[in-house]
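Residue numbers in the sequence shown follow numbering that gives the first Met the number 0, run continuously in steps of one, and reach 869 at the last position.
Hints are computed from structural coordinates only; laboratory data are not their basis.
Computed from a predicted model, the values in this text were never measured in an experiment.
The reader is advised that the hints may include incorrect statements.
Unchecked claim - With beta-carbon atoms standing in for the labels, derived distance ranges:
| # | residue 1 | residue 2 | range |
| --- | --- | --- | --- |
| 1 | Val553 | Ala121 | 53 to 61 Å |
| 2 | Pro654 | Val553 | 22 to 30 Å |
| 3 | Arg154 | Pro679 | 46 to 54 Å |
| 4 | Ala121 | Gly298 | 32 to 40 Å |
| 5 | Gln546 | Leu209 | 32 to 40 Å |
| 6 | Asp683 | Ser69 | 51 to 59 Å |
| 7 | Gly370 | Gly299 | 29 to 37 Å |
| 8 | Trp558 | Thr297 | 39 to 47 Å |
| 9 | Thr496 | Gly349 | 46 to 54 Å |
| 10 | Gly370 | Glu542 | 17 to 25 Å |
| 11 | Arg255 | Gly370 | 29 to 37 Å |
| 12 | Asp211 | Ser69 | 54 to 62 Å |
| 13 | Glu690 | Gly421 | 46 to 54 Å |
| 14 | Gly298 | Arg255 | 15 to 23 Å |
Backbone N, C-alpha and C fix where the C-beta goes; we use that ideal spot for every residue, glycine too.
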Amino acid sequence: MRWWRSSRRRPAESSAAELEALRSRVSATRSPAAWAALEVARAQAMLRSPAAGAESGLLKVLDILSGARSVAMIGDDRTVVGTTHATAAEVYDLLDRNADDLDRRVGELTMAAHWLRHGDPAEYIRCLNVLGDAYRRRVHDLHWRNMEKALSVLRAATRRARRLERWDLWARAKLGLGVAYGERIAGDRRRNHRRALHAFDDAIAGFSRLGDAERWAQAHSALAEAHLKAEELSSADLRAAVAACRSALTVYSRDRTPFEWAVARAMLGKALMLSCEPHDPDFDRALRTQQDALQIFTGGTTRDERSAAAATLIGLAEGHVRKVAAGFTAEAAHAVECLSRALKINTELGRPFECRAVAVELGMVHADIGGDWNSATSAWEAALEAHEVLLSLSPDQQTREMEASEGQRLVGLLAYAHARAGNPEAAGVALERGRARVARNFVESDLLSPDLTPEMYAAAIAAEPVAGPWPASEFSNLVARLRTVFPDFLRPADAQTLLSAVASGQAVSYLAVTVLGSVWIVLSHAEDRTLADAIIVDDVTSEDLRQLLTGGYVQAQFWAPADFPRALADGMRRLETLLAPLRRRIDELGPGSLILIPTGYTNLLPLHLGLEAEGRTVSYAPSMTVLTMARTNATVSRNGPASLVAVAVADSTPPLPLADVEVRRAAALFENVTVFSTTPADGDEVLAAAEHADYLHFASHGHANANQPQASYLELPGGGRLHVADIIRRPNELRGTRVAVLSACQTALTLDQPDELLALPTAFLVAGVAGVIAALWAVDDLATALLMDRLYVHLTTGGLSPARALRRAQRDLATMTAPDVLTYLREREVPENVTTTRSGAGAPEPDARGFSPYPFADPYYWAGFLYIGA
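Hey, can you work out the whole structure from these sequences and the hints?
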């Protein structure tokens with residue numbers, strides 16, 4: 000809500016008639032400064048007239064101000080030019096037609112601040128106060144970014160007002176700072192809350208000394224809201240909120256200040272409601288207090304009135320939900336009605352951030368309270384629509400990643416609701432579209448050039464023409480090149496497309512884990528058609544997954560390999576509840592291969608370890624669209640004997656003594672071999688050679704960049720690097736390469752953006768490689784060398800598919816005896832105490848290798864490698 004307003008209507012010294020008379024005696028050519036000042040005064044007088052609210056009158060005021068500004072600029076009258084911009088901002092505030100008017104208001108105030116900076120210091124500070132409010136209310140751009148701009152402007156206003164000893168302007172700036180800190184997203188939430196409370200206390204003290212009762216009351220209303228927004232709402236916060244509201248109501252009255260009175264009453268009702276239990280009579284009285292306030296807002300036409308109505312409806316919905324939880328089931332309908340009305344208002348106001356929050360809550364009410372899953376899907380689809388708007392407004396990659404992460408959470412909820420509603424096909428489509436969003440965000444991550452506008456980007460995705468020439472955009476070129484081979488690249492899938500993409504003898508399963516439960520969507524062949532099944536596992540929620548990962552699993556996976564075998568075993572035991580239902584279903588269907596498309600943090604887990612069985616392999620895909628691309632690429636074959644391009648980086652930090660051994664062993668199985676090992680190489684050289692290779696092998700360190708997945712890279716000889724961005728800029732150029740083996744640590748993942756953790760594999764798939772073998776965790780150097788030795792034997796002489804060859808090699812390693820390992824080491828003159836992992840961290844102690852009959856039986860040594868693709 001907007002708790003404070005700029006002092007816009009100061010009393011005029013002259014009437015409109017007097018100003019018109021003066022204007023008739025002043026020449027714009029002979030006295031431009033005086034004429035422009037009179038025009039500004041005339042415009043301000045028109046704003047104070049009873050007809051000021053009419054759109055035609057306001058547009059006329061803008062024309063007057065435009066003319067005055069042109070004349071004032073001729074005379075370089077900075078104060079008058081700044082005043083024209085400030086008054087124009089006031090006009091847009093009164094127009095309040097849509098979000099564009101809010102944006103125009105920000106623009107006018109920014110220009111006003113520019114012109115007033117070296118003029119009247121009080122007017123400049125007043126302009127900064129209003130500009131801070133405008134940024135806070137702005138819809139365009141991201142909410143958090145606007146809030147940071149508001150804080151910056153208001154801090155400057157506070158400093159200048161203090162130096163000038165204008166305590167009225169200082170108190171207004173403090174009030175604005177309190178509101179902005181209360182709504183701030185960036186930074187520590189508790190610290191922001193404390194800063195908001197301190198700012199409000201300062202503002203209240205300042206207005207009290209000045210005797211400004213109206214703003215003193217506004218500050219109390221804002222203070223009440225801040226207490227109600229406390230992260231851990233306590234009884235002390237509730238008492239403080241009640242006291243602040245009652246203080247504000249000593250000034251406000253229903254007759255004289257109905258809007259401000261209703262705002263304070265709404266918050267008072269919410270504070271009282273949260274202070275008691277649903278069975279208490281006071282609870283119903285608190286609801287009625289909010290309903291009284293809502294009557295004032297209902298029918299309001301201004302943006303502030305409608306925003307206040309939406310906020311009050313959300314508060315009422317919260318009360319009705321609490322009543323339902325206490326056994327008053329009839330209240331569920333009231334909660335749905337309140338949230339539906341709030342969603343409608345926010346949609347009409349063009350507030351995507353608020354729309355998403357309300358739609359998510361509405362879906363939860365439908366699902367968790369009413370069990371109406373069809374209505375829940377409608378609500379969460381509305382939330383996704385708002386999310387798409389926010390994603391399109393994201394100004395940079397970091398913001399896009401934040402929004403993409405939120406979008407995946409919504410996609411999971413939508414898929415879960417579709418599954419509960421008995422519509423598994425729609426659930427699969429929702430998850431595939433979610434994966435397409437991730438792929439789109441990943442592919443464009445650092446390829447967007449500054450000259451690619453949102454409209455041009457949207458046209459690239461929709462393959463629609465845009466007036467004028469295309470910019471030199473790598474992204475649009477990349478999309479166009481991929482669509483020459485894959486027409487549906489980055490286009491949303493439908494149910495028919497999804498089902499027709501399932502190959503015979505295979506099953507494809509999506510996995511989503513949500514706050515409500517988990518769902519597997521299984522696509523499989525039955526006779527001559529493809530079926531979609533939903534397996535719902537309510538016993539495993541996103542909170543359960545979070546506890547599993549933060550309970551030591553991730554810590555060991557990334558930073559403590561010596562502890563990881565134990566963490567892995569514990570994790571797989573805890574995952575059994577999630578995996579068992581799918582395993583039973585796949586056993587019934589009997590496909591020879593299962594392809595998993597996990598979402599979110601489930602990508603950090605070796606799900607295949609609990610799903611593989613005799614005669615069945617398990618592989619992965621980033622999405623069905625990318626899988627279809629990989630299948631098409633798998634049909635492309637090169638002429639002549641199979642060829643290998645291999646990279647070995649043994650002299651690294653820490654060293655990898657078996658990298659050269661691993662590559663030499665693989666190279667011995669091919670006639671055509673190119674090896675990058677002893678001489679420095681860059682990414683272009685390696686990829687140019689790879690364009691003619693059937694197999695591509697990297698035995699080096701891999702590095703996952705948590706903040707920028709496109710910056711993840713593989714080390715090359717001589718200190719070179721092969722980045723994700725280098726690979727993805729070569730769409731289709733590696734078509735004909737059957738497998739890229741990334742025999743390096745953590746090449747399948749990033750940490751902070753789990754839905755983009757297939758960074759390196761996805762890049763190779765987009766470049767045209769049909770399949771990728773990569774690792775989920777820091778791999779042991781000796782175990783990896785042995786695994787790769789067996790992998791290439793099965794690929795080249797066994798005639799197995801890459802997925803089956805990997806599975807067979809893993810079994811070979813798990814059953815390899817200690818004498819077999821020693822023989823391998825002696826034949827290749829490798830020291831028997833090699834324990835280095837390809838992350839540089841220490842592997843588990845080698846005692847087991849020395850004394851166990853099967854040194855590599857533990858899944859730690861081999862289950863981290865997975866196959867992604869066709």
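Status of the hints after comparison with the structure:
1. Val553 to Ala121: 53 to 61 Å: holds, 55 Å
2. Pro654 to Val553: 22 to 30 Å: holds, 27 Å
3. Arg154 to Pro679: 46 to 54 Å: With Cβ atoms ~51 Å apart, the hint holds.
4. Ala121 to Gly298: 32 to 40 Å: holds, 38 Å
5. Gln546 to Leu209: 32 to 40 Å: At roughly 53 Å between Cβ atoms, Leu209 and Gln546 fall outside 32 to 40 Å, so the hint is violated.
6. Asp683 to Ser69: 51 to 59 Å: Because 56 Å falls inside the window, the suggested range holds.
7. Gly370 to Gly299: 29 to 37 Å: Between Gly370 and Gly299, where Cβ atoms are some 35 Å apart, the hint holds.
8. Trp558 to Thr297: 39 to 47 Å: Cβ of Trp558 to Cβ of Thr297: about 56 Å, so the range 39 to 47 Å is violated.
9. Thr496 to Gly349: 46 to 54 Å: violated, 33 Å
10. Gly370 to Glu542: 17 to 25 Å: Once the Cβ atoms are compared, 21 Å apart, the range 17 to 25 Å for Glu542 and Gly370 holds.
11. Arg255 to Gly370: 29 to 37 Å: Between Arg255 and Gly370, where Cβ atoms are some 47 Å apart, the hint is violated.
12. Asp211 to Ser69: 54 to 62 Å: About 37 Å separates the Cβ atoms of Asp211 and Ser69, which means 54 to 62 Å is violated.
13. Glu690 to Gly421: 46 to 54 Å: At 48 Å between Cβs, range holds.
14. Gly298 to Arg255: 15 to 23 Å: Once the Cβ atoms are compared, 19 Å apart, the range 15 to 23 Å for Arg255 and Gly298 holds.
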